[in-house]
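Below are the chains, spelled out letter by letter.
Number of protein chains: 2
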Amino acid sequence: MEQRTEIASLGEFGLIDHLTRNNETKNVSTVLGVGDDGAVVDHFGRQTVISTDLLLEGVHFDLMYTPLKHLGYKSVVVNLSDIYAMNATPTQVVLSIGVSNRFSVEALEEFYEGVYAACEKYGVDLVGGDTTSSRIGFIISVTAIGEVAPDAYVKRDGARVNDLICVSGDLGAAFLGLTILEREKKIFQETGAQPDLENRAYIVGRLLKPEARKDVIEYFAEHGIVPTSMMDVSDGLSSDILHICKQSNVGCVLYEDKLPINEESKDFAYKLELDPTACALSGGEDYELLFTVNQQDYEKINANNGFSIIGYITEASAGKTIITRGGNKHELVAQGWNHLK
Amino acid sequence: MEQRTEIASLGEFGLIDHLTRNNETKNVSTVLGVGDDGAVVDHFGRQTVISTDLLLEGVHFDLMYTPLKHLGYKSVVVNLSDIYAMNATPTQVVLSIGVSNRFSVEALEEFYEGVYAACEKYGVDLVGGDTTSSRIGFIISVTAIGEVAPDAYVKRDGARVNDLICVSGDLGAAFLGLTILEREKKIFQETGAQPDLENRAYIVGRLLKPEARKDVIEYFAEHGIVPTSMMDVSDGLSSDILHICKQSNVGCVLYEDKLPINEESKDFAYKLELDPTACALSGGEDYELLFTVNQQDYEKINANNGFSIIGYITEASAGKTIITRGGNKHELVAQGWNHLK
Numbered sequence: 000m001e002q003r004t005e006i007a008s009l010g011e012f013g014l015i016d017h018l019t020r021n022n023e024t025k026n027v028s029t030v031l032g033v034g035d036d037g038a039v040v041d042h043f044g045r046q047t048v049i050s051t052d053l054l055l056e057g058v059h060f061d062l063m064y065t066p067l068k069h070l071g072y073k074s075v076v077v078n079l080s081d082i083y084a085m086n087a088t089p090t091q092v093v094l095s096i097g098v099s100n101r102f103s104v105e106a107l108e109e110f111y112e113g114v115y116a117a118c119e120k121y122g123v124d125l126v127g128g129d130t131t132s133s134r135i136g137f138i139i140s141v142t143a144i145g146e147v148a149p150d151a152y153v154k155r156d157g158a159r160v161n162d163l164i165c166v167s168g169d170l171g172a173a174f175l176g177l178t179i180l181e182r183e184k185k186i187f188q189e190t191g192a193q194p195d196l197e198n199r200a201y202i203v204g205r206l207l208k209p210e211a212r213k214d215v216i217e218y219f220a221e222h223g224i225v226p227t228s229m230m231d232v233s234d235g236l237s238s239d240i241l242h243i244c245k246q247s248n249v250g251c252v253l254y255e256d257k258l259p260i261n262e263e264s265k266d267f268a269y270k271l272e273l274d275p276t277a278c279a280l281s282g283g284e285d286y287e288l289l290f291t292v293n294q295q296d297y298e299k300i301n302a303n304n305g306f307s308i309i310g311y312i313t314e315a316s317a318g319k320t321i322i323t324r325g326g327n328k329h330e331l332v333a334q335g336w337n338h339l340k
Numbered sequence: 000m001e002q003r004t005e006i007a008s009l010g011e012f013g014l015i016d017h018l019t020r021n022n023e024t025k026n027v028s029t030v031l032g033v034g035d036d037g038a039v040v041d042h043f044g045r046q047t048v049i050s051t052d053l054l055l056e057g058v059h060f061d062l063m064y065t066p067l068k069h070l071g072y073k074s075v076v077v078n079l080s081d082i083y084a085m086n087a088t089p090t091q092v093v094l095s096i097g098v099s100n101r102f103s104v105e106a107l108e109e110f111y112e113g114v115y116a117a118c119e120k121y122g123v124d125l126v127g128g129d130t131t132s133s134r135i136g137f138i139i140s141v142t143a144i145g146e147v148a149p150d151a152y153v154k155r156d157g158a159r160v161n162d163l164i165c166v167s168g169d170l171g172a173a174f175l176g177l178t179i180l181e182r183e184k185k186i187f188q189e190t191g192a193q194p195d196l197e198n199r200a201y202i203v204g205r206l207l208k209p210e211a212r213k214d215v216i217e218y219f220a221e222h223g224i225v226p227t228s229m230m231d232v233s234d235g236l237s238s239d240i241l242h243i244c245k246q247s248n249v250g251c252v253l254y255e256d257k258l259p260i261n262e263e264s265k266d267f268a269y270k271l272e273l274d275p276t277a278c279a280l281s282g283g284e285d286y287e288l289l290f291t292v293n294q295q296d297y298e299k300i301n302a303n304n305g306f307s308i309i310g311y312i313t314e315a316s317a318g319k320t321i322i323t324r325g326g327n328k329h330e331l332v333a334q335g336w337n338h339l340k
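Chains as they are written, first to last, in numbering that gives the first Met the number 0: chain A, 0 to 340; chain B, 0 to 340.
Same shape as in the complex, but just chain A:
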């Protein structure tokens, strides 16, 4: 039988001690980690970048189909993605959780296994947090800290006319992964039938265990590329490129046939009679990097086959458009993940 230790048997401080007992620091800049009122980070000669996310059960994740270990991993990764999106290197995270007594210590250990796996993979230190009881589901708040050489960070407002619009990886898969999981959940609730994921490992994995594009930032550094603007694709490509256009005061043209979509994504989209382009434009949580570069960087970008050049920046007056395969021009509209609508 699986062991179940009640959280109350450890108490808050016992729980923190227990969950952080194997925590080791990896960064020289981590002067002081978990266990005091605050953590201490030393960033002499660098600039500090900070990002934070709040993840709520029933809004951002469904524990019915989200393994806790994956959830812990993803909670860290989505924050690191924001730091990379600034062209910075994450160095520390702080993590707060609110949990009800429906969770056992073993369940939280699984969650932290994922947290530590992400910290290990991305070379960041968990340096603090807060643990509290919740009457109302599982609540996760992560703040990531990163560093960047002075003024080397990349914002959303630097896109200039004729810049190339680029994206790493492929788009829409996480949304399709969510769609299949929601479908199987509904079938299970109605009929009791076990989930049939039809070997959809790629799209399900993109949702449940996303990665942050550390490699992209490293490629930029190695090849002397400084994007003019950048952000991560968390709300959906169309919503996100509109942010860059708004903040840079420019317009854009995207090409439907340039959007990178994985074959498994296309296949499953067709099966559901969904338009793969719509999934790529509006699906969120891909955590790819969307960036613009000056045309003089074309060769360097083109040399990396993990990047797609999907369009270019125009004057603001030219609007924000997408050219379809058939050559038609449509206005881009945000249909991202607006949790508040």
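By construction, these hints were calculated from the structure, which means they are not laboratory data. Some hints here could point you the wrong way.
Heads up, incomplete: computed chain A residues facing chain B, CB under 8 Å, no partners named [said to hold, decoys possible]:
{"hint": "1", "residue": "His42"}
{"hint": "2", "residue": "Gln46"}
{"hint": "3", "residue": "Val48"}
{"hint": "4", "residue": "Ser50"}
{"hint": "5", "residue": "Gly57"}
{"hint": "6", "residue": "Val93"}
{"hint": "7", "residue": "Val104"}
{"hint": "8", "residue": "Glu108"}
{"hint": "9", "residue": "Gly127"}
{"hint": "10", "residue": "Asp129"}
{"hint": "11", "residue": "Ile138"}
{"hint": "12", "residue": "Lys154"}
{"hint": "13", "residue": "Thr323"}
{"hint": "14", "residue": "His329"}
{"hint": "15", "residue": "Val332"}
Using N, Cα and C, we set each Cβ at its ideal position, and we do this for glycine too.
Using the hints provided, position chain B relative to the given structure of chain A.
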């Protein structure tokens, strides 16, 4: 009639824009604030201190008697208190909230009024955050960033035998404020009678609108005092001094007659037939600073009548004790605010 704007009418990004439209940065180290994937902080030649807290409706606050403006103020202040407890100066905060549609935009504006009031008073910049919908009450996560001269931060593990144990301000009032508010809530629910706070402004204010002890850190700097250990009193004096003893591997003696308790607190405690000493030892959320200093700093500490010297540090083998007014010796036990028990 009061205006009520549905949050959905603004959307997530509209809401962030709306709530941060008057946000101004105050610190030179704030290179980039709200509106990108991350904030950028420049701490050349200083060390960065980070602290985070998660505040949940129904666990940490009750909106039945907590004005939203006070809640916003307190959410920031409790984090700043942790930064001061490191002997550091807070410079930035990031704030994430989860809200359900039971809240109007006006309600959130009230909350942010409090947030900005705290930022203004303590000279910190709000530099980012996350806003999401919640199905499950109001959720607040704050991470504060501070700076400190290299290696000038004060931890919990530096208390040495014969050090003086000191505390700022007075203790137990926030707990008594909570007690009166809970009592009046119960009476209201049972009888509909309006709250009678009996002019208990001090104790109620200590709970609803606490302050962080910036002035204490400033006094230390002016008078060349470096505490050997320090933390803020958030869980209750006995629980907190036991943390210092554990992490410093020492014991302690406290004197009941030295515990600073406000007259209004005493008066109300007696009225409820509570022991004011028990309230001071076990009541949480006072956000005073508990610290130890070398005896050679006695004069400097004694010269500030906002400080109380409440005991001294002993060898670990001597245990953790309190000497009562009657001269009896009792073992100190943690009876702080353990949300998980």
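Each hint, compared with the structure:
1. His42: Nearest chain B Cβ about 5 Å off; hint holds.
2. Gln46: It holds, given that the least Cβ distance between Gln46 of chain A and chain B is near 5 Å, below 8 Å.
3. Val48: holds, 4 Å
4. Ser50: OK, holds: Ser50 of chain A within 8 Å of chain B, min 4 Å.
5. Gly57: holds, 5 Å
6. Val93: This interface hint holds because 5 Å falls under the 8 Å limit.
7. Val104: violated, 11 Å
8. Glu108: Violated - the Cβ of Glu108 of chain A stays beyond 8 Å from chain B, reaching only about 15 Å at its closest.
9. Gly127: holds, 6 Å
10. Asp129: Nearest chain B Cβ about 5 Å off; hint holds.
11. Ile138: For Ile138 of chain A, the interface hint holds, since the closest Cβ of chain B sits about 6 Å away, which is under 8 Å.
12. Lys154: Check passed: Cβ of Lys154 of chain A comes within 5 Å of chain B, closer than 8 Å.
13. Thr323: violated, 27 Å
14. His329: This interface hint is violated because 21 Å lies over the 8 Å limit.
15. Val332: This interface hint is violated because 13 Å lies over the 8 Å limit.
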